[in-house]
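**Student:** For this one, chain A is given, so just place chains B, C and D with the ligands on it according to the hints.
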Amino acid sequence: EGQKEVSTEKSGYLVIFSQCNNAEPYRAAQNDSFKALWSQYDDVVFEIQDAQQDNSRQISQIETAIVKNPDLLIVAPNERGPLSAVMGKAKKAGIPVICLERDIVDAENYTTWIMSDNYSIGKLAGEYMVEMLKVKNGAPEGKIVDLRGLLGVEGEQKRFNGAWDVMNTYSGITQEAEAVCNWLQSDARVRMTEILRAHPDIDIVYGHNDPMAVGGYLAARDLGREKDILFVGVDGLQGEAGGIKKVVDGVLAATFTYPLCTDKAVEIGNKIMRDPDFTPEKVYEVQSEMITPSNAVEKFNG
Amino acid sequence: MRLNEGVQSIPAVFKKSTGTLKKFQSFTGLVLILFLAVILSPRQHGTGRILFLTPENLSDIFRQVSENGIIAIGMTFIILTSGIDLSVGSLLALAATLCAKILTQMNPSIGQPLHIFLAIFLPLMLTTGFGALYGLLISKLNIQPFIITLAGMIGLRGFARFLTNNANIDIGFGDDISAVFANLISPKPVVITTFVVIAVIMSIILGRTVFGLRVKSIGDNSIGSRYAGIPVTKTLLFTYALSGLLTGVAGVLHAAQNHQGSPNDGVSYELDAIAAVVIGGTKMTGGKGSIVGTIIGVFIMGILTNTFRLKGVDINIEMMAKAVIIIVAVWLQQPRKARSKG
Amino acid sequence: MRLNEGVQSIPAVFKKSTGTLKKFQSFTGLVLILFLAVILSPRQHGTGRILFLTPENLSDIFRQVSENGIIAIGMTFIILTSGIDLSVGSLLALAATLCAKILTQMNPSIGQPLHIFLAIFLPLMLTTGFGALYGLLISKLNIQPFIITLAGMIGLRGFARFLTNNANIDIGFGDDISAVFANLISPKPVVITTFVVIAVIMSIILGRTVFGLRVKSIGDNSIGSRYAGIPVTKTLLFTYALSGLLTGVAGVLHAAQNHQGSPNDGVSYELDAIAAVVIGGTKMTGGKGSIVGTIIGVFIMGILTNTFRLKGVDINIEMMAKAVIIIVAVWLQQPRKARSKG
Amino acid sequence: MDEILVLKNVNKHFGGIHAVKDVSLRFNEGKVCALMGENGAGKSTLGKMIAGIYALDSGEIRLNGEKLVFDNPLEAQKKGIGLVLQELDVFPSLSVAQNIILNNMSFAHLEKGFLNSNNINEEVKPWLEKVRLDVNPGKPMEELSMAQIQLVVIARILSMNCRLIIMDEPTSSLTDDAVDNLFSLIRDLKKDNVTIIYVSHKMNEIFQIADEIAVMRDGEFIGKKSADETDPTDIIEMMVGRTVSGKEKQRSWATGDVCLSVRNLITPKMKDVSFDLHKGEVLGVAGLVGAGRTELGEALFGLEPVRSGSIRTEDGELELNNPGDAIKKGIGFIPEDRKLQGLMMSMSVQENMILSTLDDLNRKGFLDNSKIVKNVDSLIDNIRIKTPSGNSCVDTLSGGNQQKVLVARWLMVDPEVLFLDDPTRGVDVGAKEDIYEIITSLASRGKGLIFVSSELPELLRCCDRIMVLSEGRATAVLKCKETTQQEIMSYATASVVAGSKNKGATR
Ligand SMILES: Nc1ncnc2c1ncn2[C@@H]1O[C@H](COP(=O)(O)OP(=O)(O)OP(=O)(O)O)[C@@H](O)[C@H]1O
Ligand SMILES: Nc1ncnc2c1ncn2[C@@H]1O[C@H](COP(=O)(O)OP(=O)(O)OP(=O)(O)O)[C@@H](O)[C@H]1O
Ligand SMILES: [Mg+2]
Ligand SMILES: [Mg+2]
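Chains as they are written, first to last, in the working numbering: chain A, 1 to 302; chain B, 1 to 342; chain C, 1 to 342; chain D, 1 to 507.
Worth flagging that the hints you see were computed from the coordinates, not collected in a lab. Where is the CB? At the ideal position from N, CA and C, for every residue including glycine. There could be a bad hint or two in this list.
One side of the interface only, derived from the structure: several residues of chain A facing chain C at Cβ under 10 angstroms [to be verified]:
hint, residue
1, V67
2, L151
3, E176
4, K246
If we strip away everything but chain A, and leave its shape as in the complex, we get:
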């Protein structure tokens, strides 16, 4: 079990990546990174499949992948519950399965899990915000606004809980308001406007992703209050539209990278395919990086 028959006629490897949703900047970056990395291997055919943010679509996509019989299946599961069975099915069919980033129910259902933990990112952000409040208000106290992604999404919950598990230990730090902005810059801009009207004192806006933090910034700038508030984001993508650039531009005070995990996946995946003796660990965690004005320019350029 778990080992694939090695057919002698076969030349080259087929790697299928089941992406939960291509059409999102973070995912697009992940795809690009994968493509670049795999293209360094001439004998690898790399295919990306997009589940368009739909569990059942991803399930059937993996079912299709099983029929295609690849040498490596990488799955970025849309949600933990629904994808478990089908990933287990792939593994049982003899296909090595890398579970990327979100975990799934029951570790038996994947070969290895390469992840970065949203909860620890939330904690990093929380610790950073506490520090900033100390600087700003002289004590760990202040008012926070959460701009939240689509409720009910696991990563969203963890980014929230991570941060607040840290901040809740300080009685002076309170949540002033929150708004659900569905990960969108435009929603965040509109909703933040009302929050600014209703709440005169806000110290930090914690956007659960960078675009929402930027949306909050736009609203504040419109009201001339962007100087009084710190904007913190998560994701820290590269490129003009990414969060790192926003730190460079002085829009965000900080962002916390949500690692693409692609380097690690390619490294481990290659070992699994090429080295029959290699047994991967069950979990690899890739650490988040804090991007602040002190390191932003450097990160942006390299």
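**Tutor:** Relative to the frame of chain A, chains B, C and D with the ligands by itself:
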């Protein structure tokens, strides 16, 4: 003297053959899609068979379209009354979460079979009830279905999230009651059979019962229906309740298949369902349409998606190509205008 | 002898007063919402004024509803012809991304003003062109608008993402041309003025021009319109092109206000726009409706959201409450049945 | 004599309109009582109240002494009351058979369990035969002509086995042969002691079939007379409140100039039709149901594809792709089905009237409101459309007045050639005279008119020549002064073979 000899002079044979032609016509879109699917399909890794035509893939498609198919069947009835139901996505999420909640978070001492029965039955009751409520509000308050079901779409999504406190409810893989439930409901044959049975029954109800005739007559001429003394309120109530019930069934299947009740699921399902109905030839203005048409619409969409997926086409290209193919398929299977004046 | 003494004998005063009553009636839903908003509104910190009624908040609302308002105005025309446009969300995303792309990724040596002009003009041309294409396909192929614009919705979303390679295009915060563009287009007065001017012009076009009358007559009776010699194809083409144009305008405003062209924006905007139109009293079956009604619908939705946000109500509770309030508001502002056959 | 139905002080308002004013009226069992009145007199409203469609504002209705309170037309049916609606509210997408059995107590047994379309079709066949309608019962209603629809509706009511049948203008689209058949059916019903309330504007029909005649005016009941004791002039006076003399046609305005010339026209329905229309001439078109009269108009108006043949006006040969082209070339067409093909039912009278002349009423794209109001109001007065104002919704007008709105639309266009497809359908005697006068005045101004009608007297009265169609062929073109109804009917029923006797088709 015969009043209209002119009409009678058309030979019966010819009339028959145009009938067959028309019937065939409504399948041409599907045939085109099948044709495309076979052409575009990659070969199976190893065996070299046409991947699309493998029994596994065909049954996969069948299962994949089941949820949308079941919802679209209910939607067909509603659209035939010239109504619309925007809330099916939220209703599905509500049914799925309630089902998962009953399975995992309640512990009545009524024995496993009864517990599972409740986990299926109560969500169905709830969705049927909301459907009936829509029907009542639409006919009693005389508000357009779009608004009532839009309110349902928003409100019930909120309600589903409220019920689960924004979290997903996992059904899990142990060997507890949830697992029994999932193993009972989620296998391919169960899902496909449910879909097929519902399709057959509903097709009979629409085509062969008084209720079906009334549904069509309301959409065809609502004032005329009142003049003829058709119980409009009752019929609308039943129609929306039926759609609610079917959506509930899809929701329970959804929970079992996904091992989860997620309050965020089902977003934009209303669009998929309506699209299938309309592609299947049912007029948005009501009165005219069939379950067979809807099933064709469901498969046109399902096969199209499957084909692109097998081929591994970039989603953006896929979407652009889909747009064109949908239009061509619908255009092909549209009955050629009998009357040029229409 | 006068043929219609019976009719003439109604005192003119009475006729007048029912007219006023009716006009008032269509505002009652909005009045209810305003009432709720004032009651629920928190006080402004410091001044103690009712937050909802502060000029800043009121103008915020105005700006917030502008995009939806502009789109909904175009949608009103389309729904009046008994059509629908599902693709507005995708079209908006397309316009916004194209605008951002022209600003940031193209560098024609034509001088800044012309460059900005192109960044506005080309997206508008593109969306207008797609609108015209819909109109053409709908009337020439005789396919239901739902299908054509559904294809548009899918295909153009794919196209927008394809254009940007799934990424957002940021127009940045520097002092380059993008910033000039953003500062030019995004200020509150500019956005609000655009909305108001469009509303006034379109209201006049619908109510006072030949084109407007033709739009309504097609929705009322499409066969009859042909018999009356109305150029149906041309009128539909213009209607959809107009909606495309207005959606393009909303898209450019969207890009400027959000400093970004995101191919994922605008999802479900079609629902918001249609909802506003329908809440505003326009019949989904066409023929009857007004721009004023649509504006009322836009504000009912906008004020409702604003109120809940000011109050900081839990989003799920907000959604459930919204569902109920929308139904009540629509029911209130619905003209009381003059005709018993309804 | 037994009184089956008694109305006592019945009232009905629509908004500000008092449609039925304090009407008290008795109907005798087994009699045919004609209900007469001008357009908008309240006949249909009264009928709908008896049949349970409208609730009474006040007053009461007793059937066999029992007070009727309905909240559903089905209950009226259960009590044995049936209504043939003037508007023919049928279900276009449903089949003929389904239209007949739907909510029909007589076929309740079919509605139990599963519907079987073969059964249904079989069961309705006798009723279709009764009204002599020979269509496949499985055919969708929308593929039928107006006349055929009317027959289906009559078949439906007959099948209900009612004790009291209200027929609201049941023959408005029917030709004489079908009317004769209907009358023999009515006589059969009378033998079974069924009571008929018969609403019609066709005076000759009334005196053929009615035992009694009740007259309404402006919502009020004026009086009831036995048919033997009265005559048309008398009735008209009661209806209108003055005497209306059906003037004979005074003179012909026909000139020698041809304004429309059709040669060898072949369309899906027309088989080789040729004729000339002269300026100032009124050319009647007669034929049985389905003879292709409507098709001819639609071909001339760019609504039907022309397979071969030519249509010429003074501008030369026409290539008509749509009605817009036809209007530009000076051809107008008043369709027979005012609801489906004619009016925009939720728009105002004024808007409906100006729809085909928008290009003339447009000042730099804007509607020229003062001009519109002036034109519209004067026309409303001229042809006496009974409406509160030009801004009222056409839906609230009585049937005859709706018809006048449609005629008015084309009067505003003022085309050189106007094809009128049954323009007097459902129009009262006074208004009919008005329409005849309109036709004559158009002719006097040198317009060419093609006048389709199911009523031969009307054609004989108004036309210069009459073209008879049979099965898509012109079987004859007859000079009005030299022909008779019998001759026209003989050509109308002429079979295809006889069609070769084309007597001077082009003069
Ligand atoms: N639904 C309605 N809403 C408002 N007014 C109506 C409605 N139906 C009828 N009326 C008005 O009531 C009056 C009587 O109309 P009704 O249709 O009964 O006349 P009628 O005698 O049947 O005329 P016709 O011979 O033209 O059919 C008219 O003035 C008409 O405009
Ligand atoms: N909408 C339609 N769809 C299909 N067939 C039709 C339609 N309208 C009419 N027909 C058929 O076409 C033939 C010619 O119809 P047309 O309406 O031209 O006849 P007509 O002489 O005007 O008769 P009528 O008295 O019915 O108006 C008839 O046999 C009729 O049944
Ligand atoms: Mg009438
Ligand atoms: Mg005809």
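**Student:** Does each hint fit the structure? Answer for all of them.
**Tutor:** Here is what the structure says about each hint:
no. : hint : verdict
1   : V67  : violated, 25 angstroms
2   : L151 : holds, 7 angstroms
3   : E176 : holds, 9 angstroms
4   : K246 : holds, 8 angstroms
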